[in-house]
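Please build the complex by placing chain Z on the supplied structure of chain V, with the hints as guidance.
So the chains spell out like this:
Number of protein chains: 2
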Amino acid sequence: MRYELYYWPSIQGRGEFVRLALEEAAADYVDVARENGGVNRMMRLMESATAARPPFAPPFLKAGRLVIGQTASILLFLGSRHGLAPKDEAGRLWTHQLQLTLADLVVEAHDTHHPIAAGLYYEDQKPAARRRAEDFRRHRIAKFLGYFERVLERNPRGDRWLVGARLTYADLSLFQVVEGLSYAFPRAMQRQAKRYPKVVALHDRVASRPHIKAYLASARRIPFNEDGIFRHYPDLDG
Amino acid sequence: MRYELYYWPSIQGRGEFVRLALEEAAADYVDVARENGGVNRMMRLMESATAARPPFAPPFLKAGRLVIGQTASILLFLGSRHGLAPKDEAGRLWTHQLQLTLADLVVEAHDTHHPIAAGLYYEDQKPAARRRAEDFRRHRIAKFLGYFERVLERNPRGDRWLVGARLTYADLSLFQVVEGLSYAFPRAMQRQAKRYPKVVALHDRVASRPHIKAYLASARRIPFNEDGIFRHYPDLDG
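Quick mapping for you: the protein sequence lines, in order, are chains V and Z. The first sequence finishes on residue 799 if you use my numbering, and the numbering steps up by one all the way, no holes. The second sequence finishes on residue 799 if you use my numbering, and the numbering steps up by one all the way, no holes.
For reference, chain V alone in the conformation it holds in the complex (with noise of 0.2 Å):
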């Protein structure tokens, strides 16, 4: 079986998460909207007037004849599939609370250049942009990132990964928000990234492994850009 992934095919965004996931564990997947057509193919999918159980937004994943919505709950799903969590409940649930963690660092992130509205522009709300992403650089960065610090530094199993001893959905995510931060925020990162060496080595670990290393060497890693959730504006990194 064939997955298919919706998402919008020019951003990293939320899909990214599930592009890593699908990517790491050698999925068949076509990422639809970025073939011919593709995004009306998506967007009748979302409107269809007769899907039972119709997603609210991109990203969401066929798989057979399941139809999954909302990045975290795609991990979920994919996690068990392909052997990107534990196998046991205790193992499951908090390799998807890690998820959700980091799922509200990225709305975070998001809400730095878009902190009145998503449906404004980022330039009719800059004033309001530079306040959120002050308090973001100066407090959010290193309340999350102390926090995934912390995690892998009490993982029982060794500090290379932040559940057990073995790579999981959540670590490809904690690197993607790593890439992302760095992106967004380059001064701010610079200065803060020494104070998380085992964020930053995790970080290096995922980008070093096999497939990983060859997805973003390739065209189907989409460069960051200022349309997607991490968006590299000078003035709001301080």
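Any given hint could turn out to be false.
One copy or two, either will do: identical chains are not told apart, so a pair holds if it fits within one copy or between any two.
Keeping only pairs whose Cα atoms sit at most 20 Å apart, straight-line, the calculated SDA-like set for lysine to any residue is [claimed, not checked]:
| # | residue 1 | residue 2 |
| --- | --- | --- |
| 1 | LYS755 | ARG782 |
| 2 | LYS759 | ARG642 |
| 3 | LYS759 | ALA613 |
| 4 | LYS648 | ALA613 |
| 5 | LYS704 | VAL668 |
| 6 | LYS759 | PRO615 |
| 7 | LYS774 | ARG701 |
| 8 | LYS704 | LEU681 |
| 9 | LYS623 | MET607 |
| 10 | LYS774 | TRP569 |
| 11 | LYS687 | GLU669 |
| 12 | LYS759 | THR611 |
| 13 | LYS623 | GLU608 |
| 14 | LYS704 | PRO615 |
| 15 | LYS755 | ARG701 |
| 16 | LYS704 | MET604 |
| 17 | LYS648 | GLY719 |
| 18 | LYS759 | GLU714 |
| 19 | LYS759 | ASP649 |
| 20 | LYS687 | ARG602 |
| 21 | LYS687 | SER769 |
| 22 | LYS648 | PRO795 |
In short, the hints are calculated from the structure, not lab data.
Positioned in the frame of chain V, the structure of chain Z alone reads:
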């Protein structure tokens, strides 16, 4: 086994979604931080230097040796333990997906009064709050409640519940969101509610469940107030 719920003792907040599930299930639980010295116990548990799997923030639930954080993850766990979610994988994931969409709405509702920083007072971000709340009232409430109305319309097992023919934790959470929005934005909700008759009927159906009805009438239900997620500031209600 008695569950221990850890959450701030003076607000409904995110903990309320867990309380509603525990109450509907008639589960044996203690709301730890509402007991004498309970907040200290909660802080000690959160800051414990030895916990292998520390929660990022309340709410978290202690279930025997398990400590589960993140509201949606707690509900995933309680859902399967207490018949508050379907047993099949597709139904479980769909329920969780709806919960995560409600969680997105909860963040947006919170940020109407805190668009700049959770660490600042509302009074220090009022102009931004007014703009964000206006967008939320005009666009976001309709987008989310319209979606849940559609989910109810399309449920092949009827429009009584979001998933299948029985109540799930997602129904309890939708009830709570409608309660919260009606408290925070009474004028906006009065204007808009008639567009979502199935959502409103579901809200009323949940409110009249025997366990929920008894809970809402008890001292265990903390009243809404201006410290929680859903706050009534007339300035933000248009």
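So, going through the hints one by one against the coordinates:
| no. | hint | result |
| --- | --- | --- |
| 1 | LYS755 / ARG782 | neither (27 Å within a copy, 45 Å between copies) |
| 2 | LYS759 / ARG642 | neither (28 Å within a copy, 36 Å between copies) |
| 3 | LYS759 / ALA613 | between (44 Å within a copy, 16 Å between copies) |
| 4 | LYS648 / ALA613 | between (30 Å within a copy, 18 Å between copies) |
| 5 | LYS704 / VAL668 | both (15 Å within a copy, 18 Å between copies) |
| 6 | LYS759 / PRO615 | between (40 Å within a copy, 17 Å between copies) |
| 7 | LYS774 / ARG701 | neither (29 Å within a copy, 39 Å between copies) |
| 8 | LYS704 / LEU681 | between (28 Å within a copy, 16 Å between copies) |
| 9 | LYS623 / MET607 | within (12 Å within a copy, 38 Å between copies) |
| 10 | LYS774 / TRP569 | neither (23 Å within a copy, 44 Å between copies) |
| 11 | LYS687 / GLU669 | both (16 Å within a copy, 19 Å between copies) |
| 12 | LYS759 / THR611 | between (48 Å within a copy, 18 Å between copies) |
| 13 | LYS623 / GLU608 | within (15 Å within a copy, 41 Å between copies) |
| 14 | LYS704 / PRO615 | between (35 Å within a copy, 13 Å between copies) |
| 15 | LYS755 / ARG701 | within (16 Å within a copy, 39 Å between copies) |
| 16 | LYS704 / MET604 | between (37 Å within a copy, 16 Å between copies) |
| 17 | LYS648 / GLY719 | within (19 Å within a copy, 35 Å between copies) |
| 18 | LYS759 / GLU714 | within (8 Å within a copy, 48 Å between copies) |
| 19 | LYS759 / ASP649 | neither (25 Å within a copy, 38 Å between copies) |
| 20 | LYS687 / ARG602 | neither (35 Å within a copy, 42 Å between copies) |
| 21 | LYS687 / SER769 | neither (37 Å within a copy, 46 Å between copies) |
| 22 | LYS648 / PRO795 | neither (43 Å within a copy, 49 Å between copies) |
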